[in-house]
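My request is simple: use the sequences and hints to build the entire structure.
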Amino acid sequence: ETGVTQTPRHLVMGMTNKKSLKCEQHLGHNAMYWYKQSAKKPLELMFVYSLEERVENNSVPSRFSPECPNSSHLFLHLHTLQPEDSALYLCASSRFSGSSGRETQYFGPGTRLLVL
Amino acid sequence: AQSVTQPDIHITVSEGASLELRCNYSYGATPYLFWYVQSPGQGLQLLLKYFSGDTLVQGIKGFEAEFKRSQSSFNLRKPSVHWSDAAEYFCAVDTGRRALTFGSGTRLQVQP
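For the protein sequence lines, the chains are Y and L, in the order given. Letter 20 of the first sequence, counting from 1, is numbered 20 in the working numbering, and no numbers are missing. Letter 13 of the second sequence, counting from 1, is numbered 13 in the working numbering, and no numbers are missing.
Hints in this document: simulated from the structure, not taken from any laboratory. Do not rely on the hints blindly, as some may be mistaken.
Claimed, not checked - With beta-carbon atoms standing in for the labels, derived distance ranges:
{"hint": "1", "chain 1": "Y", "residue 1": "A39", "chain 2": "L", "residue 2": "S84", "range": "42 to 52 Å"}
{"hint": "2", "chain 1": "L", "residue 1": "Q2", "chain 2": "Y", "residue 2": "H79", "range": "25 to 35 Å"}
{"hint": "3", "chain 1": "Y", "residue 1": "S38", "chain 2": "L", "residue 2": "S84", "range": "20 to 30 Å"}
{"hint": "4", "chain 1": "L", "residue 1": "G41", "chain 2": "Y", "residue 2": "S65", "range": "18 to 28 Å"}
{"hint": "5", "chain 1": "Y", "residue 1": "S65", "chain 2": "L", "residue 2": "G96", "range": "38 to 48 Å"}
{"hint": "6", "chain 1": "L", "residue 1": "E66", "chain 2": "Y", "residue 2": "R102", "range": "14 to 24 Å"}
{"hint": "7", "chain 1": "Y", "residue 1": "S97", "chain 2": "L", "residue 2": "T55", "range": "19 to 29 Å"}
{"hint": "8", "chain 1": "Y", "residue 1": "T7", "chain 2": "L", "residue 2": "H82", "range": "25 to 35 Å"}
{"hint": "9", "chain 1": "Y", "residue 1": "H79", "chain 2": "L", "residue 2": "G16", "range": "45 to 55 Å"}
{"hint": "10", "chain 1": "Y", "residue 1": "S62", "chain 2": "L", "residue 2": "G53", "range": "10 to 20 Å"}
To be verified - Within a straight-line C-alpha distance of at most 30 Å, the following computed DSS-like cross-link-like pairs (lysine-lysine) qualify:
{"hint": "11", "chain 1": "Y", "residue 1": "K41", "chain 2": "Y", "residue 2": "K22"}
{"hint": "12", "chain 1": "Y", "residue 1": "K40", "chain 2": "L", "residue 2": "K68"}
{"hint": "13", "chain 1": "Y", "residue 1": "K22", "chain 2": "L", "residue 2": "K68"}
{"hint": "14", "chain 1": "L", "residue 1": "K68", "chain 2": "Y", "residue 2": "K41"}
Quick caveat: nothing in here was measured; it's all calculated off a predicted structure. No residue lacks a Cβ here, since even glycine has one placed at the ideal position from N, Cα and C.
Right under this line is the structure:
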């Protein structure tokens, strides 16, 4: 496989469930991101991991818990979500080069989440 | 704070016609600018980017964009639209804070 993959592609969960979203990148990148895309709002950054350390939280509710065990994998653990959390969750990766180097982010296909 | 404005929520063009999607940004220094395309049910695909140098950048699928500092714009163009170009297009700016700020998107519909 190439690029950025995400599983599952679709997920339906109740408000009391616990589930996890998985992202895997095959690009040799060292930074990974979670974004949320809602129907009525622009894409919102949730989390950034660079060199496997979280560097940006962006004030996301604690019912979302990220995990980055290595530079190729990123998880988003979900628990006690609300219906308004229904959205498309996109993972992205980039190569972080430090200093003032800018990066190009490459996105996965997303997980469409519905919270009932 | 940085922001990106895509003033057109929805655009319809005929197949074969030219296309221009507008993007304006707000940022004090020179931004790094991107255009992404999203087909229904899919993730975002990078079309092109501007980091520095030539202000007219070429991308994939026959798209190009021009950076105009004086107008704070980065408009996307294509001389002849194909039916497969129907999708949503997002302009984004990287201001160096490890995050992209996206516009709200422009949905393109292509008429036969």
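Each hint tested on the structure:
1. Y/A39 - L/S84: 42 to 52 Å: Since Y/A39 and L/S84 have Cβ atoms about 24 Å apart, the given range 42 to 52 Å is violated.
2. L/Q2 - Y/H79: 25 to 35 Å: Since L/Q2 and Y/H79 have Cβ atoms about 32 Å apart, the given range 25 to 35 Å holds.
3. Y/S38 - L/S84: 20 to 30 Å: holds, 26 Å
4. L/G41 - Y/S65: 18 to 28 Å: holds, 26 Å
5. Y/S65 - L/G96: 38 to 48 Å: violated, 27 Å
6. L/E66 - Y/R102: 14 to 24 Å: holds, 19 Å
7. Y/S97 - L/T55: 19 to 29 Å: holds, 24 Å
8. Y/T7 - L/H82: 25 to 35 Å: Given a distance of about 31 Å, which is inside 25 to 35 Å, the answer is holds.
9. Y/H79 - L/G16: 45 to 55 Å: holds, 51 Å
10. Y/S62 - L/G53: 10 to 20 Å: The hint (10 to 20 Å, Cβ to Cβ) is violated, given that Y/S62 and L/G53 are roughly 43 Å apart.
11. Y/K41 - Y/K22: holds, 23 Å
12. Y/K40 - L/K68: Satisfied, since the Cα-Cα distance of roughly 29 Å is no more than 30 Å.
13. Y/K22 - L/K68: Violated, at about 39 Å.
14. L/K68 - Y/K41: Within the cut-off at roughly 27 Å; holds.
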